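Use these hints to put chain B onto chain A, whose structure you have.
One-letter residues, chain by chain:
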Amino acid sequence: MRRILPIILSLISSTILAGPGPLSPAELKTLLARIRENRITQADFQEERFLHLMKKPVVNSGKVWFQPPKKFRREVKGNSPSLTVSDGHQLWIYYPNFKSAERYSLGKRSPLDSVIAAINSALNLEDVENTFAINATKIGNGYELELTPRTPSMKRVFQKLNLRINDNLRAERTEMLQLNGDRIVTSYSNQTRAPLPTSTFEFTPPPGTDVTTPLGR
Amino acid sequence: MRISDVIARTVTQRRTLVWCSVAVLALGCIAILVTQLRLDSDVLNILPASFRSVAGLKIYDREFEQTRQLTFALVCAPDDVEKLEEFAPVFADKLRQQSWCTRVLAGSPMQTPDGIRDLQSIAVPLLLNLEPGVFNETISILQPQKIRDRLHRLHQQIEAGSPRPEFELAFDPLGLIGPALKPFAESTAIEEDQPLASSDRTMRVFLAVTNQESISAFACQRLMRQVNAFRANAREGWNGGRLEILVTGRSAYVAEISLSMRYDIVATLLGSVVLVGSIFFIGFRRWLPLLGMGFSLLLSCLVALTLGLLIFRQLSMVSVGFCAILVGLGVDFAILTFGRYQQARIDGQSHRQGIATSVAKLGRAVFFGALTTAVGFLALILSGSMGFSQLGVLIAIGIFFAGLFMCTILFLFVRERQPPLRHDWVFEMVKKYVRWSVERPAPMLIFASALLLLLTVIGLSPVPPLHFEASTRSLEPKNSRASRALQAIMHKMPMRWEPVLAIVQASNPQELHDDWQKIAAHWSELQTAGKIKSFSTPAALCLSPKSMQRNREQLSEIDFQTARQTLDQTLDTEGFSRDAFAPAFTLLDNLQHLVDPNAPLPNWREKLPASSSWWFLVDRYFGQDPLLTTGFVTTNEPVSTYAQRVNLGGDLPVTGIPMTLSGWSYALADLLPWSHRQLLIISALMAIFDVSLLAILYRNLRLWVIQVITLAFAIGAMIASMKLLRIDLNLLNVLSFRLVLAIGVDYGIYVVLVWQKTHEIEHDVAGVVKPVLLAGLTAVSGFGSLVLARNPSLSSLGSACAIGIFWSLVATIFFTLPAMAATEPKSSSKD
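Residue numbers (the working numbering), protein chains in the order written: chain A, 360 to 576; chain B, -2 to 828.
Everything labelled a hint here was simulated from the structure, so no lab data went into it.
Check the hints yourself; a few may be wrong.
With beta-carbon atoms standing in for the labels, derived distance ranges [to be verified]: (1) A:Glu505 - B:Gln140: 43 to 51 angstroms; (2) A:Ser464 - B:Gln524: 56 to 64 angstroms; (3) A:Ser464 - B:Thr109: 20 to 28 angstroms; (4) A:Glu505 - B:Asn236: 39 to 47 angstroms; (5) B:Pro597 - A:Leu538: 31 to 39 angstroms; (6) B:Ser105 - A:Glu561: 26 to 34 angstroms; (7) B:Gly130 - A:Pro427: 40 to 48 angstroms; (8) A:Thr496 - B:Asp556: 57 to 65 angstroms; (9) A:Glu505 - B:Thr109: 25 to 33 angstroms; (10) B:Gln524 - A:Phe457: 41 to 49 angstroms; (11) B:Ile654 - A:Leu536: 50 to 58 angstroms; (12) A:Glu434 - B:Ser105: 50 to 58 angstroms; (13) A:Asp526 - B:Lys179: 51 to 59 angstroms; (14) B:Gly234 - A:Arg515: 18 to 26 angstroms.
Computed from a predicted structure; not experimentally measured.
Backbone N, C-alpha and C define an ideal beta-carbon position, used for all residues, glycine too.
With the rest of the complex left out, here is chain A:
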């Protein structure tokens, strides 16, 4: 279930930072406040997954929608398409090519919950100061944020999360280093901020879909 991280990480798409060089705690606080005021709700993404199982990185692209605090939707295009939808209570991953879907229940204190909680904290930047140790640096017109998990539950999920924020204070690149050394790099473009209908975060498996629950609950 730790491998769900790359999917969810793709959602990281909205943050804006400010300040020159290494930021002081006061500057970081101001920057986080400004990013929170400017959250995006959708973006295009391109993802590279460096997995120890594969010789070459697995490359995906698609679109992501996000609504704080816990709802998101991610569509992967290409030869191996997939759809990931979370309404905050359940997480669905649907594979049209296999006519199969996986359902994960959230809120059962599984490692998956830690992943979701970690990512949501990062995306919302709500209470992020307590959950992560943050090092922020001004790079050119943007910012580089290095988030290191503070809590044991998140430490079990990943080692480090880097966010690059552009001059519009929006996330343009994330890089997550997992415990087993796997790395997921996601770049975002066409970030927009518009209201989303509720149906965006709802999913019903099409008839004939083989539904499994890999975590058994």
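Just chain B, lined up with the frame of chain A:
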């Protein structure tokens, strides 16, 4: 010369000889006790050994590793949950470093790399152990096309972003481990209900196996001293708020129960001595005879313990608690004999004459009193419980010696020159009552009859009911820390009741495998039919030499070279890293190695590392002898009635497979009829003995009928009081009925025998009623002191007996006496 005269002369004129005899007796007893005393601390020996469920509990208690397991729980405030999560590994490491700790489980083995690696290590033997059909289907995955198809599918799923294939490939790169472990995962599904962290994250549970060599009470006490020392320092490194460290488990319970037994013995004995002594002093205002009474009782205890030890070779710690009961019973004799002696002295008799009169007048009553009580307690032999049998025999021996010593040694402590009491207000009060009730018996008789009849009706009526508590709590000490820890864990964790144990022992591995296969299939049907909630068995871990041999032969048909080449090529084609699939090649090598018929068949016991957390699961199923196993059945609801036990006893076993069903709840439910039999049949038998003895003793129908009614009233009022005071019956306090019968009948014997013989009603009857009154009050106090005991069963035994004896006393004084006066009128003045 009469015996009473011989006793009087010996005690008064040969005091040195008597003292020397007493010293020799005491020293002899002490020498035997010091050199040969062996205490049986097994709490299970309180239960009747003839029940298979009890035998099962003993087997589980002695033969399975769980006996040496302790459960620790860390509990923090809700604000500190993150800190607790961080502190948990620190605590687990500290626990591992303890000299008494051999293994620690701090989380699900599946969530740790070591746990997954250990599971992979036992895959080969479990694969070979699959049923031949399943094995063939599983092994077919090594066909080249299937290898290619599987890896292609998994690659596509990875491309699509599914986390599942990554997990699957990391755990089972070849696709054989999952099917091999499937039976193990299915048969241990019950374990999923046992998480190691509470849902609110304020509690973390750690399981630790200790290296206790012995499971005796003293070994448990030693271990718990070390554990408590560890607990005192285990908070180092914790920087949050209040952190509670709880511990429970068999050793924690046994240590506490054995310590509480010691406390119970000391506290109840001291309480009993203080109360009894106070009443004796109030009644007679003499210290030396009080000392004599204590000395005689102590000597009785010593002799009873010694003879008990010689008979049984070892004594149950429970039965050693008989001292408090013996004090409560034996004191009656002292009060009676000394009371009669004092009365004789008041009447102007000499010291020696007083002793002779006391023994002559009451010796017979004391003898029969001791006989009825002894028989009452000897009936405990019928209980089938070693603990209760010993208790009965020790008291029977003790009470006989108490009777003997109170008629002899007690008088060594009475000063010849001490003047008799000038003004005895207790005696005067009793005399007035006797005079009044003999002259005008009707008012008291009517009032007492009405009250006792009403209580008897309440006692015998179904409403309000008298509950029988058959829970394990009735055997736990009050405020038990181990019990509170368990309750806290049960409260925080998903509630699940104790499963029924099914213990199966086979003579060889194949038989064990076949037995559990049949049992698992049968229980699966029961689960489908809704007769049980779930079950868990060692079926998957019981290796079948036959299946393994047959499956090994099947392996020889696999072309491992082709499988290896196909895997290699497919990894390249699909872009997988060969390094990540190294375990798949190792597994192929291992399987190929097994094709050699000379290679020994693998055994998971040898493959699973000794430090593996999986042993916590495995040890639940296997005893020290690998052929001794147990399965667990979770019932639809907790087992609390005999009907449930009967149903389970009918449903769970499989024809032809010897199986012992057990578990605490199951065993207690199994014992319910036994307890009821204790209450009804054995008490009834004793009542029959008592009334027969009374018939022989009195040879008077009217007096006999009055005495029988008195006993019925006493028991009826006792049951009514227990109902009204909401004192439940339990496994131990059912004994109280026979105790009350034994003691209650004594009071009647003392009064009726004097009534039959006396020509000086007021003088003689008052002379016995006063000691009976004092004896009754001391017995009530003696048994009442058991309320101080931490063991709820012992405590409730004390309350029940105190209530019963109180009503026996009331019925004897306020019903028997006026009834005798009404039916056999005698003049209250000197005839």
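Going through the hints against the structure:
1. A:Glu505 - B:Gln140: 43 to 51 angstroms: With a Cβ separation near 49 angstroms, Glu505 of chain A and Gln140 of chain B satisfy 43 to 51 angstroms, so the hint holds.
2. A:Ser464 - B:Gln524: 56 to 64 angstroms: Since the Cβ atoms of Ser464 of chain A and Gln524 of chain B sit about 24 angstroms apart, the hinted range of 56 to 64 angstroms is violated.
3. A:Ser464 - B:Thr109: 20 to 28 angstroms: This hint holds: roughly 23 angstroms between Cβ atoms.
4. A:Glu505 - B:Asn236: 39 to 47 angstroms: For Asn236 of chain B against Glu505 of chain A, whose Cβ atoms are near 25 angstroms apart, the range 39 to 47 angstroms is violated.
5. B:Pro597 - A:Leu538: 31 to 39 angstroms: Since Pro597 of chain B and Leu538 of chain A have Cβ atoms about 38 angstroms apart, the given range 31 to 39 angstroms holds.
6. B:Ser105 - A:Glu561: 26 to 34 angstroms: About 33 angstroms separates the Cβ atoms of Ser105 of chain B and Glu561 of chain A, which means 26 to 34 angstroms holds.
7. B:Gly130 - A:Pro427: 40 to 48 angstroms: violated (53 angstroms)
8. A:Thr496 - B:Asp556: 57 to 65 angstroms: For Thr496 of chain A and Asp556 of chain B the Cβ distance comes to about 58 angstroms; the hint holds.
9. A:Glu505 - B:Thr109: 25 to 33 angstroms: Since the Cβ atoms of Glu505 of chain A and Thr109 of chain B sit about 28 angstroms apart, the hinted range of 25 to 33 angstroms holds.
10. B:Gln524 - A:Phe457: 41 to 49 angstroms: The hinted range 41 to 49 angstroms is violated for Gln524 of chain B and Phe457 of chain A, with Cβ atoms some 33 angstroms apart.
11. B:Ile654 - A:Leu536: 50 to 58 angstroms: Taking Cβ atoms as reference, Ile654 of chain B and Leu536 of chain A lie about 55 angstroms apart, which means the hint holds.
12. A:Glu434 - B:Ser105: 50 to 58 angstroms: violated (34 angstroms)
13. A:Asp526 - B:Lys179: 51 to 59 angstroms: Check passed, 55 angstroms falls within 51 to 59 angstroms.
14. B:Gly234 - A:Arg515: 18 to 26 angstroms: holds (20 angstroms)
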